[in-house]
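Produce the complete structure using the sequences and hints provided.
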Amino acid sequence: MTDLRDLYQELILDHSKKPCNFRVLEKTSHTAEGYNPLCGDRYTVYLNIEGGVISDISFQGAGCAISKASASMMTSSVKGKTIDEANMLFEEFHRMICGNPGSRVNEAALGKLVVFSGVCEFPIRVKCASLAWHTMKAGMEKSKEPVSTE
Amino acid sequence: MVQHKSALLGHQKDARFSFEVERYRKDFPILSQRVYGKPLVYLDNAATTQKPRQVIEAIDAYYRTENANIHRGVFYLSERATKHYEEVREKVRDFIHAASSKEIIFVRGATEGINVVSQSYGRTFLKPGDEIIISHMEHHSNIVPWQILCNQIGARLRVAPINDEGELVVGDYAKLFNSKTKFAALSHVSNALGTVNPVKQLIQMAHEAHVPVLLDGAQAAPHLAIDVQDLDCDFYVFSAHKMYGPTGVGVLYGKQAWLEKMPPYHGGGDMISSVTFEKTTYNVLPYKFEAGTPDIAGVIGLGAAVDYLHAIGMNAIQAYEQHLLMFATQTVSKIKGLKIIGTAQAKACVLSFVLDGLHPHDIGTVLDREGVAIRAGHHCAMPIMERFKVPATARASFAFYNTTEEVLVLERALHRALEILK
Ligand SMILES: Cc1ncc(COP(=O)(O)O)c(C=O)c1O
Chain F
1 MTDLRDLYQE LILDHSKKPC NFRVLEKTSH TAEGYNPLCG DRYTVYLNIE GGVISDISFQ
61 GAGCAISKAS ASMMTSSVKG KTIDEANMLF EEFHRMICGN PGSRVNEAAL GKLVVFSGVC
121 EFPIRVKCAS LAWHTMKAGM EKSKEPVSTE
Chain C
1 MVQHKSALLG HQKDARFSFE VERYRKDFPI LSQRVYGKPL VYLDNAATTQ KPRQVIEAID
61 AYYRTENANI HRGVFYLSER ATKHYEEVRE KVRDFIHAAS SKEIIFVRGA TEGINVVSQS
121 YGRTFLKPGD EIIISHMEHH SNIVPWQILC NQIGARLRVA PINDEGELVV GDYAKLFNSK
181 TKFAALSHVS NALGTVNPVK QLIQMAHEAH VPVLLDGAQA APHLAIDVQD LDCDFYVFSA
241 HKMYGPTGVG VLYGKQAWLE KMPPYHGGGD MISSVTFEKT TYNVLPYKFE AGTPDIAGVI
301 GLGAAVDYLH AIGMNAIQAY EQHLLMFATQ TVSKIKGLKI IGTAQAKACV LSFVLDGLHP
361 HDIGTVLDRE GVAIRAGHHC AMPIMERFKV PATARASFAF YNTTEEVLVL ERALHRALEI
421 LK
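Line order of the protein sequences matches chains F and C. With our numbering applied, the first sequence corresponds to residues 1 to 150, in that order. With our numbering applied, the second sequence corresponds to residues 1 to 422, in that order.
One should not assume that every hint holds.
Below, a list of computed lysine to any residue pairs in the SDA-like style, where the Cα atoms sit at most 25 Å apart [what the hints assert, rightly or not]:
#, chain 1, residue 1, chain 2, residue 2
1, F, Lys18, C, Lys38
2, C, Lys422, F, Asp14
3, F, Lys127, C, Asp356
4, F, Lys79, F, Leu110
5, F, Lys18, C, Glu419
6, C, Lys422, F, Gln60
7, C, Lys38, F, Gly102
These are computed hints drawn from the structure, not numbers from a lab.
In structure tokens form, the structure reads like this:
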């Protein structure tokens, strides 16, 4: 049996209680809202994208421990990355949380985000862990057009 | 068949002592299951109840020995299936004490029942500028169909407020009525709060203003004895799956005088008496509202559920569940930081709560691993969440097969949630 501690690791609980970048950005180029109607989780992700690079990112909103910690750690790990790098990181993250329990994860790429590897044992919670990421992606998509016309 | 002493005696006060819960539990095969190695404690009964073997077997027997289409075949099986199906209509009539079985229409569930009334009645009798009264505690299925109707015909939705206990305030409800009010729709029992509304009084008030009333009985049918004639409601809807019957079937009750005047909702087979390309004559009640091949097996399962409840007795069930609710309320109230949402005087067996700083979804996950199934979320009643300023609640909803021991398992699991998540 999977232990609940695999899911609710100390680092996750810490981030859910004291999230990083939990504020409205003063200077934003793009924002997006994400909503999970199943449980009512709702977040806004604020992005400041300059020359294809996420120069700053923050979030606001309310939701469960998993979704909030995920949003918090996401903002810390993508700040300073290019849009492509952030997208690639999301792909790795998504592969990990949707993967088969025990399958290899790309620890080098994911860094601290591996703390979410336990999510794959709780399929109902995949949506919680990925909500902020999907929201950020939606925000970045909005940025694509102006970026590509430059 | 279940036979029960207190059901026979009808002694409400004594029912909780003699209520043979362990015996009834054995009728529900799913309850003996273990999840994650722990005994299943099923506390999501407001979402759907489990099914007793009597219901499962009735459906099985129908498919094994009776299956035929109804109201059409000239052969033995069809006749038998038709008879069985129509017998259930009579059972349901008796269950809710309707005057005539013509007033019992089989639908897919409470949701479809409300949509039939909002479209068939609403589009026939309401005009632009008319007002429809609902309440702040409605399930989305008793909000959205009325919003759709309002958009279609230019009517206006009025919402009766609720107090901090989660009760309708009769005086505030009365104030909403005016000469434009043409319909009222109200839950008999709230799914998110457990509140039992004083529907008889409210219906009387509405009728004084010549306003017909639909009651959403989805959460009442499993817990209370229902008498639509005594309540004098114009329409009543409920779902079989919330009262120990199968999914996919439910009941719309309507006063015959209204149903006669209302046009069909669906067109098709069975609901006609003659069809030419120029003109179709509709069938008589209740068939006018039952187009197409219905969920025959589902109706037969519903009949078995009604028999099952009848044998235990709704009064005995209600008395036992009230005892369980009181015990559960006292037990979880001892947990520090736990706040119950929905503290009405009159309540059915529903406990919605928030637990200091913990999100209901996380509580739900921890409880799940302890074998305890509860609901976490907005319970299809987002306006209620907004009213109580919470994004979601955790909800334990009980049935007569739940026990005080299970309440203690819930309590322990909640302590575990605090331990893991704090
Ligand atoms: C109060 C209430 N009304 C209506 C419904 C809708 O029932 P169904 O989904 O079976 O149509 C529910 C189900 O959750 C309910 O609790």
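Structure-based check of all given hints:
no., hint, result
1, F/Lys18 <-> C/Lys38, "violated (33 Å)"
2, C/Lys422 <-> F/Asp14, "holds (10 Å)"
3, F/Lys127 <-> C/Asp356, "holds (23 Å)"
4, F/Lys79 <-> F/Leu110, "holds (14 Å)"
5, F/Lys18 <-> C/Glu419, "holds (18 Å)"
6, C/Lys422 <-> F/Gln60, "holds (21 Å)"
7, C/Lys38 <-> F/Gly102, "holds (24 Å)"
The earlier numbered hint that this structure contradicts is number 1, and it is the only one.
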